[in-house]
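Each chain, written out:
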Amino acid sequence: GAGVSQSPSNKVTEKGKDVELRCDPISGHTALYWYRQSLGQGLEFLIYFQGNSAPDKSGLPSDRFSAERTGGSVSTLTIQRTQQEDSAVYLCASSLGQGSYNEQFFGPGTRLTVL
Amino acid sequence: AQTVTQSQPEMSVQEAETVTLSCTYDTSESDYYLFWYKQPPSRQMILVIRQEAYKQQNATENRFSVNFQKAAKSFSLKISDSQLGDAAMYFCAYRGSNTGNQFYFGTGTSLTVIP
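In the order they appear, the protein sequences are chains A and B.
Here the first sequence is numbered in my numbering, starting from 1490 and rising by one per residue.
Here the second sequence is numbered in my numbering, starting from 49 and rising by one per residue.
Same shape as in the complex, but just chain A (with noise of 0.2 Å):
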């Protein structure tokens, strides 16, 4: 079946200008994860959805980030006013529940580029 799907996949956008990533995870996947990865850098955790449950947003750097999932599908990372430091390849990433064992499946990424 169908993988996690992101778009776009690459993102030029200017300094202070909002930008839209969106996440398609695999159907029936109730958690769906958003990271940050930075060049050379591992992955930091953003934003975590479960179910209908409230977001874990503990990873957000700012409140210029935000994100939401609608319908318990789709979800989109927006960061409002972007600054040079939010260049990043961005993850999304889904699994079947919230348990320990269970493997994310993540998409292949946006990279955002912030001039």
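In case anyone wonders, no lab produced these hints; they're calculated from the structure.
Backbone N, C-alpha and C define an ideal beta-carbon position, used for all residues, glycine too.
Among chain B residues calculated to face chain A with C-beta under 7 Å, some are: (1) Q92; (2) L95; (3) F153.
Label-pair ranges, simulated between beta-carbon atoms: (4) B:G133 - A:D1552: 39 to 47 Å; (5) B:E100 - A:Q1569: 38 to 46 Å; (6) A:E1503 - B:K103: 49 to 57 Å; (7) B:P163 - A:S1551: 41 to 49 Å; (8) B:K126 - A:K1506: 44 to 52 Å; (9) B:P163 - A:D1552: 46 to 54 Å; (10) B:I162 - A:E1533: 27 to 35 Å; (11) B:S55 - A:P1550: 22 to 30 Å; (12) A:S1542 - B:S55: 30 to 38 Å; (13) B:E77 - A:G1505: 37 to 45 Å; (14) B:T160 - A:Q1530: 13 to 21 Å; (15) A:Q1530 - B:N115: 24 to 32 Å; (16) B:A120 - A:S1547: 28 to 36 Å; (17) B:T66 - A:Q1572: 43 to 51 Å.
Chain B: place on chain A using the hints.
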């Protein structure tokens, strides 16, 4: 917070030889899960292997195996008979049973396979 350390930013191996990537982690939990993910240049993160902390037997998946030393909090990945397609970034990840929903990732090891 849990930390995951990969002390080898870069490694190289001759084709058909064996290489070991190291990973250590810090936790106070007794029950948790450990993962190795591979990220090729395509950016698509793929699960390589996983280990449950309560299992003493080391996980094995074809040419990939782990050396899990719970007391030492060490989780190394051994790749046998290395192939050109193994060239990628490898990330070690931790997920605890009591630490909510987060996966904690190391900073990665870039593996080069020399023909």
